[in-house]
Every structure is written in C-alpha cells, then in structure tokens.
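Student: Here is how the chains run, residue by residue.
Protein chains: 2
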Amino acid sequence: MSDQPLVIFTPSGKRGRVAPGTTVLAAARQLGVDLDSVCGGRGICSKCQVTPSFGEFSKHGVTVREDALSDWNKVEQRYDDKRGLTKGRRLGCQACIQGDVVLDVPPESQVHRQVIRKSADTRPMVMDPATRLYFVEVEEPDMHEPSGDFERLTRALKDQWPDQDFAGLTAAPTLLAKLQDVLRKGKWQITVAVYADHTGAAPLVLDVWPGLHEAGLYGLAIDLGSTTIAAHLTDLDTGEVKAASGLMNPQIRFGEDLMSRVSYVMMNPGGEVELTRAVRDALADLAKALSEEAGIDPQLIVESVIVCNPVMHHLLLGIDPTELGQAPFALALSEALSLPASDLDLTTINPRARTYILPCIAGHVGADAAAVSLATAPELSDELMLVIDVGTNAEILLGDKRRVLACSSPTGPAFEGAQISSGQRAAPGAIERVEIDPTTKTPRFRVIGVDLWSDEDGFDAAVAKTGVTGICGSGIIEAVAEMRTAGILDGSGLIGSADQTGTDRCQPEGRTHAYLIHDGSADGGPKITVTQGDIRAIQLAKSALYAGARLLMDERGADRVDRIVLAGAFGAHISPKHAMVLGMIPDAPLDHVSSAGNAAGTGARMALCSITARKQVEEGVTRITKVETAIAPKFQEHFVNANAIPHKTDAFPDLLKIVDLPDVNFNAGSADRTARRRRR
Amino acid sequence: MSDQPLVIFTPSGKRGRVAPGTTVLAAARQLGVDLDSVCGGRGICSKCQVTPSFGEFSKHGVTVREDALSDWNKVEQRYDDKRGLTKGRRLGCQACIQGDVVLDVPPESQVHRQVIRKSADTRPMVMDPATRLYFVEVEEPDMHEPSGDFERLTRALKDQWPDQDFAGLTAAPTLLAKLQDVLRKGKWQITVAVYADHTGAAPLVLDVWPGLHEAGLYGLAIDLGSTTIAAHLTDLDTGEVKAASGLMNPQIRFGEDLMSRVSYVMMNPGGEVELTRAVRDALADLAKALSEEAGIDPQLIVESVIVCNPVMHHLLLGIDPTELGQAPFALALSEALSLPASDLDLTTINPRARTYILPCIAGHVGADAAAVSLATAPELSDELMLVIDVGTNAEILLGDKRRVLACSSPTGPAFEGAQISSGQRAAPGAIERVEIDPTTKTPRFRVIGVDLWSDEDGFDAAVAKTGVTGICGSGIIEAVAEMRTAGILDGSGLIGSADQTGTDRCQPEGRTHAYLIHDGSADGGPKITVTQGDIRAIQLAKSALYAGARLLMDERGADRVDRIVLAGAFGAHISPKHAMVLGMIPDAPLDHVSSAGNAAGTGARMALCSITARKQVEEGVTRITKVETAIAPKFQEHFVNANAIPHKTDAFPDLLKIVDLPDVNFNAGSADRTARRRRR
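Protein chains in written order, with this note's numbering: chain A, 1 to 680; chain B, 1 to 680.
Don't read these hints as lab results, they were simulated from the structure. Mixed in with the good hints, there may be bad ones.
Stated by the list, open to error - Straight-line distance between alpha carbons at most 16 angstroms, and here's what the computed EDC-like set of lysine to aspartate or glutamate pairs gives:
1) K626/A / D142/B
2) K59/B / D104/B
3) K626/A / D104/B
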C-alpha cells in the first residue's frame, strides 16, 4: 500500500493518490476533477465546496477515517460565520487530505455544471461560458521594474491561474483607464472578467472589480424575430434566467413581413439604415428594460447572443437585404460572428460586452434555424426526426445521425392569428382550445388565462375580466380541425350550409358560409366565427408548411418520419392531433409528436452559456444540406397537393386510428368557385 | 545538364531550376525571391516587372539566349499600350521561362524594398506593412452552395494567395455591408486590403474596392509631443511621405508642460476626460488636414502609428495620468497597443483603420524614446552610443550591442526658446546661428529663412520681409557658448560688465548684465539680448540634460562615449561644438557627434511601414535597462556639478582641442548672489 492517501471524487468517480497535506482543490486539479474556484484558493469565494463522506465504502474499497481531512480551520470558520456553510461541507481550498477520502462535488461547485432543462427534446446544456471571473493578487508597481499595471495583471493571471491560456491577453482603452483605479481601490486584489471564446482570438479583459466580485455576470440570449424580439437575461454562472421580456420588432412600420421590408429597401435605396437603426435601438431598449426588471446592474451584462432569420441578420448588421429577396438568395455573411456589442450599438450594457451571432445555414435558412438545430440536435438522433419551427417563416429540419436537411417555408402570418377574421395574438381572452361535438355540432372552448372550458360552471364569471376577445393561432388550428372532424368542413376546405351540416351555427356570409364559435354580442363583445376566408388562409399556410416538410422527406427518400418536434413560441402550443387532422404535419403516432418550446431561444441561451455549444452549432451547420424551396419544382407540386384537409387521408393512417374523418362534400354547384380554382 | 532551365535572380542571387514554361512570377515564388504582385499574376497590376539580361554571364556560368523567355504577349502589349512599360522590362506573370536566364528584380518590384533614408545614423527601413492589397476573383453565389459573400471572399484569398496566412480572417459589420455591393460592382473581381500584424491576432479585412485598386494605401506616423503634434502621411507601398504637418497640442491650455497637465487632473478629478477629448480632436483634425493637403481620399488612410511620452500616452488613451506624477511612476500599460483607430475617435480616416502605439519603456521614458531607439538602433552598435532626444523632456539612451540604458531628464522648455527673454520658436525671423568675435566681442548671426550672415552684404534687404524677431533654441545655445568662448561669460555663468568684458554690448540690467545681440529698435523692431536670467535658464536645462547622460554613463561604468547622436526636431539643429562648450553633452571628438533628425518621428514611420520594426521595438524595449532620474541621488549631484559652463574643463579634453576657453571670473563681490545661491 502506498503512503499517499487515495482520493475519490464523486459523482465523476475520478480517483488517484496525492501527497499528504494536499488541499482538496489542488487534488481536484491534479486529478482533472471539475471543481470551481474564482478566488484561486484563498478561501473567500466558497465556490470549491465539497462534502466528505466518512466510514467504510466497500464499493470504492476504502475506509474513510474521521481525520481523513485536516481540521476545520479559521478561514472556514470565518466564512461560516459571515455567510454560513451548509453542514457537512468543507472549503476545498482549505481542507487538506490526510488519509483516504471520498469527496462529493455538489453541482454548484462544478464549473461545467449541467443545467436542468424543462423540455426533454433538447440537447443537454452544460455551463461553459466564454466569460469567466478570476480573482488575482497583482504585484504593486515598483520603480525599479517599470512594467505597466496591465502587464502586471497579465502576469498575475498567468501565474495564479496556470491552467488557463491567457496568451495575447488584451483590453480596450476604456478598461485600461478603469484598471488603474480598481487595482488601487482593491489594494491590488481584484476580480477580472476575461472573455475567451472558441475562435482562437486573443482573450480580452472585459471588466475588473476591486476585491472579490460576487454580483455575478450576465448575458442576453436574444431571439430576434420578424414580428417580436424576445430576450432572456441569463446568469452566466448558473444558466438561470433572471428575467425574460419581449417587444414588437419596430421594423414592422416598414413592412409586416420580411419581404415587404426587403421591398422597402429596394424602393428606398439606403433605407436599410433606418431599418438597422430601428432594430438596434429596440435591442438596446430591451436590454435596458431587462436589467431594470431583474434589478441587475447593466454593467454586469457582458455578453449577448443573437439568433434571427437571414433578413433580420442582415438588417441588424447594416447590410442591404435586397440580395436575399431574389435568386440566388446570396448571404453577405453566413458564418458565425463574434464582435463587440458596441458594433451593434448595444450600448445599454457593459461598454466592452461581446456579441455572438449564430451562423446562417442559407439565404432562407438563418441563424434561428441554426439555433433550433443546436437545441434539438437532430444530428444526434437515431430516429429520423422532423423539427418544425412554426412562425411567419417555418424553419424545417429533417434528419438523423446520418444526415440533416433544412429548408424554410413561407407560411405567412395566419398561424399567428393574423389574416384571420377573428384572429388575435396569444393573449388573455383569446380562444386557444376548441372542441366541437360531432353530433350536436356545438363548440366548447378555452381562453387564455382561464382554466375552465366554456361549458363548465363558473366560466362566465372567470372570463368576465377579459371577455372572449378573439382566437389565437393554436385556437384557429383546433377550430378548423374540429370543424373537419365534426363534418362542418369538407375535405376541400369548404364550410357547409346550415342545411348541409345540420347546425344553425353555419351562417351564410356573402357567397360562402361562416361557423359561429362564440357570440358575445349580447354583452357588447365580438361574434367569433370561422369564415371561409379564414379556412383558405389556414389552408395556404399549412400547405406551405407541409410542402416544405415533404420536400425534405423526398430529398431524404423517406415516406414517414419517426419523430416530429414542434418548436417556436407558437409551435409549442399546437395540439399534434389537430395539426395532423389539418394535414399541417406528416402523419406520425401521436406520442411521437412533441414540443421543444421556443427552441430558437433555447439555442441562443445554449450558445450564450457555452462555447462548446458555439462550436457544435458552427460545425453542425456545415453538415446540414440546405434545400431551397423557392426553386424546387416539387415544392409547388406538394403545395398544391396539400390544399385539402388533410390532403390525402391514405397518407395519414395513424391519424385514422384516432379520428374518424367524415366523408362530406359541400361543393354543390356554384358554391365555391374559388376553391376549385385554387385546387387546380 | 538538366533539362530544366536555370533561373538566376539579381540582386538577391537566388537561383534554381524550374520546369520549362514556368512564369517568372511562379519561379520567383518557388525560389523564395521577393517579387511583388497585387493582382496575383493576372497581368493587370504590373507590380511583378523584371528586367531579363541576355548574353554570356561568366560570373554566373550561363549563356542567356534571346529566346530564354517566351515572346512578348498580348497582355504585356495591352499593358504597354495603356500605361507604358519601361523598355527592357517584362511582366513576371506573363513571361515564361524557356531557357537559362538572368532576371533583375528592380527595387520597385520588391515587396520588402528598402527605403533610402536621408540620415545615416538610423536603422535601415524595409517596407513590410501590416496592411497589404490583394486582388482576387471571388466565386459568384450559387443557390446550391449557399455560402456567404464573405466566406467566398475568404476562400478566394486562401486559394489565390496560398503563401499568405488568412486563417481566422474577419471583418467589421461596416465592411460586410460594403462588401456585398463592391463584389457586384467589381463583377466579382475586387481588391482587398487585409491587415495582419505581428501580434498573431486574426487578420482583418479593412476595405475592399471593385476591380484593381490603384490609388494605394496610406498611413499616418504621428509624433504626439507635449507641445506640438506632428504627423507624416506616408504611402504604405513605397514608404514615401506624401504630406507632413503639425499643430500645437491643444492641451497647452490645461498647462504648458506635462506636470502642470497632471496637476490639472489632480486638482480637477475626471479632468483627464477634457484633456483626452482635446488631443483626440486634434489628431482627427490633423489627419483631415493632411489628407486634404496631399489630395488623398481619407478612406485610403488605413493605419496610424503614434509615439508619445507616457503622460501623453495615458491622456490619449483616456487614462488618468496622476500616477505618472508621483513615485513609483506606475504606467497603466507599458506594452505596445494595437487597436481600432476609432477607439481613439480618429474618425476622419478609414472607419476600420487600425492604430499602433509603441510600447513605453518606463513611467518617465515613453513610446517616443522607444521610437528613438527603433530609429537609431543603439543595441546594434559596436561603439558605445549616446542618443539624446532633446525636448521639454530629454530622452536619453546609452548603449551598444552589450546593453542599452535609458532615462528621461526634465530639461524644461528653455531649449525650445521658451523662458528666454527674447526666445521664440524656430520660425522665419528667429536667430538660429550666432558667432562672437573674441577680440571685438561683436556678434554676427543668421536668421531662419535667410542664407546670409548679418554682417554680409544684402542681409538687411534679405531680412526685411520678416525682420529679426527673436532667438530660437539653437540660437540661444550658440549665443551662450559663443559668449563663453569670447570671454563675455565666466565659467560660473555670470555675464561680465562692460568694464570687465571690454564691450558696451554688456549693459546693466537690474543687478546683473545683459549682452546685446541685435538692436532693431531704430526700425521699430525688438532689442535682442541675452540676459543673466536667460543664462540661468539654459544652465538649468543643460545641467539636467548632462546629468541624465552622466547618470547612464555611471550605470554603465563609462567615462566617455564613442558616439553621440542628437535627435529631436530641435536636436537636429544644435551645433555639436556649441553644445559641448555649454557642457550640454559629454565630450567627444566633433566628428563623432551627429544628428538623427526627428528620430521619434522616424521611428513612428518605421513602425508604420513595417511589422518587423514593430517586433524589433517591442523586443528592444524589454532589453533596455531603465534608470529613474527622480530617485537617483547621483542625478542631483551631477545636476549641481554640471551648472558651470562647461562644468569641468578637464572633463572636455576634446573640446579644448578646438576652443580656447578664457579663464575669466566676473563674480566680484555682490554682483550675483543668486548665482552663488544656485551653485550651492
């Protein structure tokens, strides 16, 4: 037996012998165990806490005696008095190993801790941020050794953090101006935030604080959509979201959808300057609002990560997006970009903060799709996985370990409640769930903000506050699908008359019919109906979505997919069954359809918290095969064929196991010429 | 004998065999011959011109036949028609090697050409700029290969310039916004300016132009002095100075000398912001003025290099200089700095331009001294060399191949004509040369702008335009030295009375005397005298200078130096003999004293034109031993001892060979108590 004590770390299982008297922190470093420390072992940051176990461990073949670690010391006592140390814990930098010992590293003591995520359909998220804190003691200046403060800081980092690579460390003039004062205020002990990303660029000192900085570091994960801009203020140590907020993309005043914004620039050369200004101002405002909401000093926000579609990507960067509006849809830049946040006028956070923009996949498949692929990881899947991020443009990924394909499909805003007669954004008062009794043809529904169905006791009282104001995206999808299963709508998408359907809720409206979901007019509220026009808008949107997915399946030579993941703020609320009745997504066993929530936003947060994730997405996108819907003849064919609801029931055998689709045809004579024209 | 033709390049002498049909440019690349090309061998830039020689070359052992190169081709003819090709020259990218050949590469076809410099006392200057132009043909975008414009540009650079390292190439958003348009305007042929310095940082695309860019690239070499800011607009291809200009440092309104500016900041905390703003604005103005003067598009100015003393260095960077005003004189940053020019608000040049600031040597020995050492290269000298950059602060270097020492000495502004009763800056009308007849004690002089001496025929007419307005730095030095050799001044620095000196030009002034150089009062001009106060000011300045040099000699254990180089805008005009009579510089044979002109400015230009020079200065400063005058007791001792003129004649044996110093002592009784007090 060796004289050197055996140390076993859990949960990693790493073990080895160390010299007696070695601190736990030093032992962890020797054995390659992930044990955090900001203060570098000075007993002030408490990041290196461990829990020793005592007694006999037959599993490990060791007996741990009570004196396996050195006695509780003054530093630990002082820390416990001042801040409290969880019972049983020791400070790894203070406790010395005297005998065989088993030491547990709690999750919060790990640098690269895994973050527990709500959704199972996403890649695990491990903390590995570009910006990290280092506590150092800097040599005081000496007339006989006339180095600069910054050079002495660099030396201190290299000496006191030998495991890190600080080669070429640099800093902006504003940091140099600040460093001088902070060093003296901190009596030559300071905490340094160093940004070192995955690009191989020289590390940067982003900020410095006197003494031990304990207020943390934060980052913004920004999902820059055509319609809304959402951001999550995230703790760069824990990955925790401290505040989330969103605002309308102010570019909407230049055009509701992307192509109208591109047109604006085409018609107004140089107009991209206004669009760029608008979106940059919005980002700066959002960052300010989030730091206020979370009560966090905006100076502590040192990073941001942005995901967006290619047009927003170009407009954010100040690049004319016209090329993206015409073949060959050439991007000005496709690779990821790491730059000072100030280059994007994001000046409401730390002035030296950095921004990372995810790579674009192609002219129509942007950094948002790249973020979805990062979050959902189709390239790691054994099964053939279809990921659909539903929005004004749907980003579609299809693939598995062998190969991943991607395309974008112009669904338009119908799924978001726009272009729908009673449509509205998802907000309290909006109908989000609909069921129609196939016998009585009577609907019942739920509205956002109320837990009861409309036919349950107490609903009227519960809804009184907001009223029933309209129908949102998921609501219209359910309404149309339920109308189809209840026989109110035929396979071509035509609403039957009261006679044909046997319900007075089908009322003539012009030369077509509309189905009444809710009549609030007695109380001064709106009459909420689904009109023939609404059906047509949904048919166009779902045809585009389906055609995109189908095009990728063709490319892959697949008839079916094993798993479907719906993503996007809206995608997360779609009922898979209703989406399939609509023919919006390919057929699949219902339990193989799931939601990944706002996967683009999740991908942004992953890239914010981990440079490994940045490498993964950059490598990942180079392996994605891009399919251009705009030039694929098959896309048009699939689009036209997908008009019916569902377009071909024999393509949906799984669906037919759960719903019985009535064989109705309301196209009696001249009822709807438009429908026939469309179908051709 | 090989089948492959032998190619000999002159003047490098590089030789080797190449496959028949190889172009001269390709052969040069194979053999490592420095042959320039911007267009990459497309016959449009004409940078690769060579002159073939025909006939027998016994020296090289080859006979060059008339058909050693392929025939003059269409590309060459077109180039000759359009722009004219010097007779005998061929385009290296067009002429193919068919037989043994001797090819001369003219200087202008070399990338790393040596720049001929006026002064011999400086390091040779080789063109090796950080920013270079590359002509490339970029692939057009293709829907099936959806890479971005920037990625295709990067690929083109890597493919078409395989000898260059473009790994990690990056660009600012403003460049990406511009690239898109330039690529299309240039029909996918563009010229790219890539900045790649010596730091190992990723190369940067600074700018792009459609087609072949022929208007060149420029840089600013800036000598940022306490009193004046001088800049040279320099061609980054040839090293040629296109325009030079200077302006007063606007910080003067906060204090004439550096310490009074430091005091301003001490008294007005945060006051450095105003000082920083003032100097940055001045730099931006100066850049604008220079580009206008040279008629050069400011967008073509892509680099700047700045040299300055530590206080200006900190104030330029926005760093509080207070620490430099008190022991231990700690610099915030000592190493060289490479940063975007926009970080210094230098926004009147290319928006993506870079700035390089030379390293500081110590808290009192700045980037200006580093630039002087770069230009004069004492570390390469076999002889012990003393380099003195005379200014408000004198930077002094002493050394040879073995070791270099440096210090800074606070001479004050007397040498620049300030604090002198009739003093003025060097400008037309200022007396710059003085001689005094030792018998008659009558002076004669020359003024700036007039070639005649004051006692020559035609002087009065020639000087009528400006008049005689005052006396500049070099004039006052000569006047004082001549007064000493003519017996008007004694060794202690006392001006004799008319009785003592035998000339009426010595007139009482208060309790002391003044010597009249020129009386212009009859024509309404000034009376130019040298007063006792002037002598005292010069004595203080020269004592400081001498004490600094002497301190370094002590450190080095040297009694004498082999060579003295006077540098600085003013230093270049000092007469070595007079400086020695004054005891301003140590004794040395007169022909061993020379001028290096504005060596700091030269060093700035060298660093601007060459990344090798940047490496040299960065490595060089780490090997310089800094000597702090402020804390050296010997400095005070030397200073006090150096008060006399010259302080100890036995220390100046070389001087005594050329001048005969009269042994006079005017200190009769109470004549000058001040002088005695000072000497103690």
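Student: Are the hints correct? Go through all of them and say.
Tutor: Hints and how they fare:
With a C-alpha separation of about 12 angstroms, the suggested pairing of K626/A with D142/B holds against the 16 angstroms cut-off. For the hint pairing K59/B with D104/B, the CA-to-CA distance comes to about 15 angstroms; that is within 16 angstroms, so the pair holds. For the hint pairing K626/A with D104/B, the CA-to-CA distance comes to about 52 angstroms; that exceeds 16 angstroms, so the pair is violated.
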